[in-house]
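Let's have the full structure, built from the sequences with the hints guiding it.
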Amino acid sequence: GIQVEQSPPDLILQEGANSTLRCNFSDSVNNLQWFHQNPWGQLINLFYIPSGTKQNGRLSATTVATERYSLLYISSSQTTDSGVYFCAVEPFAGNNRKLIWGLGTSLAVNP
Amino acid sequence: NAGVMQNPRHLVRRRGQEARLRCSPMKGHSHVYWYRQLPEEGLKFMVYLQKENIIDESGMPKERFSAEFPKEGPSILRIQQVVRGDSAAYFCASSQLGAGSNTEAFFGQGTRLTVV
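Chains as they are written, first to last, in my numbering: chain Y, 1 to 111; chain V, 112 to 227.
Think of the hints as simulated: they come from the structure by calculation, not from any bench.
By construction, the Cβ of each residue, glycine as well, lies at the ideal position given by its N, Cα and C atoms.
A couple of the hints might just be wrong.
Covered by chain V, according to a simulated footprint, are these stretches of chain Y (three or more residues, beta-carbon under 8 Å) [as the list claims (entries may be wrong)]:
| id | stretch |
| --- | --- |
| 1 | 31-41 |
| 2 | 67-77 |
| 3 | 98-110 |
Some residues of chain V that are not near chain Y, with every Cβ distance over 12 Å (derived) [as the list claims (entries may be wrong)]:
| id | residue |
| --- | --- |
| 4 | R120 |
| 5 | R175 |
| 6 | K182 |
| 7 | G184 |
| 8 | G196 |
| 9 | A216 |
In structure tokens, the structure reads:
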């Protein structure tokens, strides 16, 4: 089945710093989503981005489907950005809508 | 517009008991998915349902686990005779498949099951 790899696995930033998180996937996809899981365990939708570039405030994402990767950019990081960032993909295979998840990037933003 | 609602948020069961987890999808969504998250891991797909139909249950253990999404009411994930290894966070998601086939999934807050 499709493999989803995220890097780096862990990241520590000082407040105000910028960062780039990467998601590589091994096969064609219908859908790609980025999520933030906060320290309380809640999953928050960041981007639905099967291709192209989107921006939402200090966050932006780019997916290059032909090269099978996606990038999540966090600018001017804040302590509230701490948590785990997951990339999840929906394989391009018939009518199956399930998401295959990476292991996440654990981000800690220090004041 | 309420999001995906899961209850209970926390559930404690003794080994051998049954656990019933409930999920109400977002308004207008007819597709429901259940995922399990073990500590410090990503989510793992369990089952995909539409109203009264199981579409894909390839991620669900063959024994003790079942899921339903009746015509009326929430989707239920049922775990019979729970064991300690069932302790995890169980997330429900829903999506709407309209003419544009937007398959964006929205997640509930999860049910944290602890088996003692």
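Comparing the hints with the structure gives:
1. 31-41: This one holds; 4 residues, not fewer than the three required, reach chain V with a Cβ under 8 Å.
2. 67-77: violated (count 0)
3. 98-110: holds (count 7)
4. R120: violated, 10 Å
5. R175: Non-interface label on R175/V holds, nearest chain Y Cβ at 21 Å vs cutoff 12 Å.
6. K182: holds, 20 Å
7. G184: Check passes; 22 Å lies beyond 12 Å.
8. G196: holds, 19 Å
9. A216: violated, 6 Å
The structure fails hints 2, 4, 9 (numbered hints given earlier, in ascending order).
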